[in-house]
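If you read the protein sequences in the order shown, they are chains A and B.
Residues in the first sequence are numbered from 1 upward in steps of one, following our numbering.
Residues in the second sequence are numbered from 1 upward in steps of one, following our numbering.
FYI, nobody ran anything at the bench for these hints, they're computed from the structure.
Treat the hints loosely; a few may be bogus.
DSBU-like mimics (lysine-lysine), calculated; alpha carbons at most 30 angstroms apart, straight line [stated by the list, open to error]:
1. K290/A x K250/B
2. K110/A x K197/A
3. K229/B x K110/A
4. K34/B x K314/A
5. K18/B x K324/A
6. K89/B x K290/A
7. K205/B x K192/B
8. K34/B x K200/B
9. K109/B x K110/A
10. K110/A x K250/B
11. K34/B x K250/B
12. K199/B x K4/B
13. K314/A x K89/B
14. K250/B x K17/A
15. K18/B x K110/A
16. K214/A x K200/B
17. K192/B x K110/A
18. K324/A x K229/B
19. K205/B x K290/A
20. K17/A x K32/A
21. K32/A x K218/B
22. K250/B x K197/A
23. K17/A x K214/A
24. K214/A x K110/A
Okay, the calculated bits of chain A under chain B, using three or more residues with CB under 8 angstroms as the criterion [unchecked claim]:
25. 217-224
26. 317-323
From a predicted model like this one, the values you see are computed outputs, not experimental measurements.
For each residue, glycine too, the CB sits at the ideal point set by N, CA and C.
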Amino acid sequence: MANVLVFAETRGGSLRKVALEAVTAARELAAKGGGEVHALVAGAPGIAAQAERLQAHGAQAVFVCEHDAFAQWNPEAIAALVASRAGDYRVVVMSASAQGRDLAPRVAAKLRVPMVSDATRITLEGDVVTAEHPGFTGKVVQTVELRSTPAVVSLRPGAVPPVEAAAPTRVEQVQPAGDPAASRVRVTETITGNSTKLDLGEAPVIVSGGRGMKAAENFALLEALAAAFGNAAVGATRAVSDDGWRPHADQIGQTGRLVSPDLYIAVGISGAIQHLAGMRTSRTIVAINKDREAPIFRVADYGIVGDALEIVPKLTEAVREARKA
Amino acid sequence: MSLKIAVCMKRVPEMDVKFRIASSGMGIDETGLKWDMSDFDGYACEAALQMVEQAGAGEVVAISLGPDAAQETLRKALSMGVARAVHLKADPMPFDGWVIANALAAELKDGGYDLVMFGRMSLDSANGVVGAMVAELLDLPCVTSCSRLDVSEGAATARRELEGGAELLTFPLPAVVTIDEGIARPRYPSLKGIMAAKKKPLESKPAELGEARLTVTKMALPAERGAGKIIGEGPDAVPELVRLLQTEAKVL
Ligand SMILES: Cc1cc2nc3c(=O)[nH]c(=O)nc-3n(C[C@H](O)[C@H](O)[C@H](O)COP(=O)(O)OP(=O)(O)OC[C@H]3O[C@@H](n4cnc5c(N)ncnc54)[C@H](O)[C@@H]3O)c2cc1C
Ligand SMILES: Nc1ncnc2c1ncn2[C@@H]1O[C@H](COP(=O)(O)O)[C@@H](O)[C@H]1O
């Protein structure tokens, strides 16, 4: 029997979408291996309420660990907790989010096993766990075999859309491993941006601007376009984050965020190889650029040649109309 | 204040090429590739040099595991200002990050470093595991993906970017940190630096390699995108774009 353990990510006391993605991916593995999906969630007292949505997505057991020292991200104590419970599972699934990337290698090392990050696909055939994982700045897809028990994998956000599937569940309170208040690394402050703003990793649509936007103020046009879509986030190139027009955290590319939305609209972006590395796996790409020869047009499904500052407001209007209809 | 910092750096191919898959189907074809220090490791190296410069005393040591050619990467670090370098010989480069982490940890263990620095991830493996694994092996506090780092006597503060936010952290030294891009752009080695590097110590010894349990079974190029299509010019092309997004791409 091959059980699968999911570490279910929360922030500010609620589950993140990536937790449900991880449970959904785990379900398929557990089904293949004839085992169960178990989820582990940790947080400040009250986090147990989050178990419900994990159950709704098919977790057959939810382990809840509540502690005051889990009010903030506490990587040392959470890694100790996950590792203390993970030993008997065939696969441990986390998300390749900021939190999961911080956590997963610590857990793997505590269990003395290798791991693979940012998998776009995880499979279990017989007793063999394999994962697909983009390397070389997304230019090569590596299929890897994890010959360890457990196999530790982090899943690329967005790679597996969450699907509900209620299962009969038990919820169990569990104890932390060691004293979570004794961690050497302490988060002193969590700065949240506008919480109604969609994250780049989760938004189905990304509107992204480059130096062709001409000035920081003009990004208001892209914010308006994103608002017209209703499910969009705004990204940027390194040229733009270097100039301080947009925060570094919004940078997409080789040294920024790796994203894969349904729709990526590149506005005033030349399409440098380092930028493409972060977005070329988007399902549909639109480019707006005044230079017909700009390399971005070579990866764009649909291109418009012209001045972004004229085209974007028209597009915003048209998208708003289309969504009204 | 005096700071002793180790920076672990990996030699990787330059990424601005179209890769070819080797005939084995399990690796990339390395013919004609150019190689360099992995991006984030360059940021880590620069950040380390700046911290030691600011502290006024101390040294930066560069460590790289890989084939003999990894020494080229170490020479570059020496020419940037690193004091000495250690090459852990492993040919071919292991793929399993846990194997690499163990070999690096064995070298770092008795080094007396205040800080051990890594890149957030290496560009070829894109895994981002080695730094945190080394921290566990050495039982050191660890902060990953630092976009800011301030070190004082015996302690440090850092900032990490999150999806739609950031967190600020404090931790005691010695510690392990992995470095994100925002932190510092690597300096170009000066001619003087390049000359000086030739005389700096570069020690080479075999890496202590354990059994690999993460193996590549296949490497492939991602599906090609169809050739792009320019649908029109200026604002007049907007209605056609919206129509295509609705009927063809079905994203609106
Ligand atoms: C090691 C390394 C790592 C890097 N990592 C990243 C990364 O992670 N992400 C990233 O994005 N870059 C990265 N870069 C930088 C990258 O090489 C490019 O410099 C950058 O992406 C260019 O940004 P841009 O397209 O905004 O600017 P530019 O290349 O200057 O392009 C601006 C574009 O706007 C168009 N334009 C101008 N005016 C208008 C107008 N009125 N209307 C419409 N279009 C207009 C121009 O035709 C041009 O194509 C990296 C570089 C290096 C060396
Ligand atoms: N062969 C290596 N030699 C030295 N440092 C390495 C090596 N491989 C990885 N590292 C370090 O570990 C970081 C993360 O690598 P990875 O886990 O492969 O993404 C890199 O940015 C380097 O700092």
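Consistency of the hints with the structure:
1. For the suggested pair K290/A and K250/B, the alpha carbons sit about 26 angstroms apart, so the restraint of at most 30 angstroms is met.
2. Between K110/A and K197/A the CA atoms are separated by roughly 36 angstroms; this puts the pair beyond 30 angstroms, and the hint is violated.
3. This hinted pair does not check out: K229/B and K110/A have alpha carbons roughly 50 angstroms apart, beyond 30 angstroms.
4. As the CA atoms of K34/B and K314/A are separated by approximately 45 angstroms, the hinted pair breaks the 30 angstroms bound.
5. Among the hinted pairs, K18/B with K324/A is inconsistent with the structure: their alpha-carbon atoms are about 43 angstroms apart, more than 30 angstroms.
6. Of the supplied pair hints, the one linking K89/B and K290/A is violated, its CA atoms being roughly 50 angstroms apart against a limit of 30 angstroms.
7. Distance hint between K205/B and K192/B is fulfilled; the C-alpha atoms sit about 28 angstroms from each other, no more than 30 angstroms.
8. A C-alpha spacing of about 24 angstroms is found between K34/B and K200/B, which places the hinted pair at or below 30 angstroms, so the restraint holds.
9. A C-alpha spacing of about 17 angstroms is found between K109/B and K110/A, which places the hinted pair at or below 30 angstroms, so the restraint holds.
10. Between K110/A and K250/B, the direct Cα distance comes to roughly 45 angstroms. Violation of the 30 angstroms bound is thereby established for this hinted pair.
11. Restraint check: the Cα-Cα separation between K34/B and K250/B comes to about 41 angstroms, which exceeds 30 angstroms; the hinted pair is violated.
12. A C-alpha spacing of about 20 angstroms is found between K199/B and K4/B, which places the hinted pair at or below 30 angstroms, so the restraint holds.
13. For the proposed pair K314/A and K89/B, the alpha carbon gap of about 59 angstroms is over 30 angstroms, so the pair is violated.
14. A distance of roughly 23 angstroms separates the Cα atoms of K250/B and K17/A; the hinted pair therefore holds under the 30 angstroms criterion.
15. A C-alpha spacing of about 38 angstroms is found between K18/B and K110/A, which places the hinted pair above 30 angstroms, so the restraint is violated.
16. Using a Cα cut-off of 30 angstroms, the hinted pair K214/A and K200/B is violated, with the two alpha carbons roughly 46 angstroms apart.
17. Pair hint K192/B plus K110/A does not hold up; C-alpha atoms about 44 angstroms apart against a cutoff of 30 angstroms.
18. Restraint check for K324/A and K229/B: satisfied, since their Cα atoms lie roughly 28 angstroms apart, inside the 30 angstroms limit.
19. At most 30 angstroms may separate the alpha-carbon atoms for a hinted pair to count; K205/B and K290/A exceed this at roughly 55 angstroms.
20. A hinted pair counts as satisfied when its Cα atoms are at most 30 angstroms apart, and K17/A with K32/A qualifies at roughly 24 angstroms.
21. Restraint check for K32/A and K218/B: the C-alpha separation of about 22 angstroms stays at or below 30 angstroms, so the hint holds.
22. Between K250/B and K197/A, the direct Cα distance comes to roughly 24 angstroms. Compliance with the 30 angstroms bound is thereby established for this hinted pair.
23. Between K17/A and K214/A the CA atoms are separated by roughly 35 angstroms; this puts the pair beyond 30 angstroms, and the hint is violated.
24. A threshold of 30 angstroms between alpha carbons decides the hint, and for K214/A with K110/A the separation of about 49 angstroms lies outside it, so the pair is violated.
25. Under a criterion of three residues with beta carbons nearer than 8 angstroms to beta carbons of chain B, the stated coverage of the stretch 217-224 of chain A fails, only 0 such residues being counted.
26. Evaluation of the coverage hint for the stretch 317-323 of chain A: fulfilled, as 4 residues show C-beta separations to chain B shorter than 8 angstroms, against a requirement of three.
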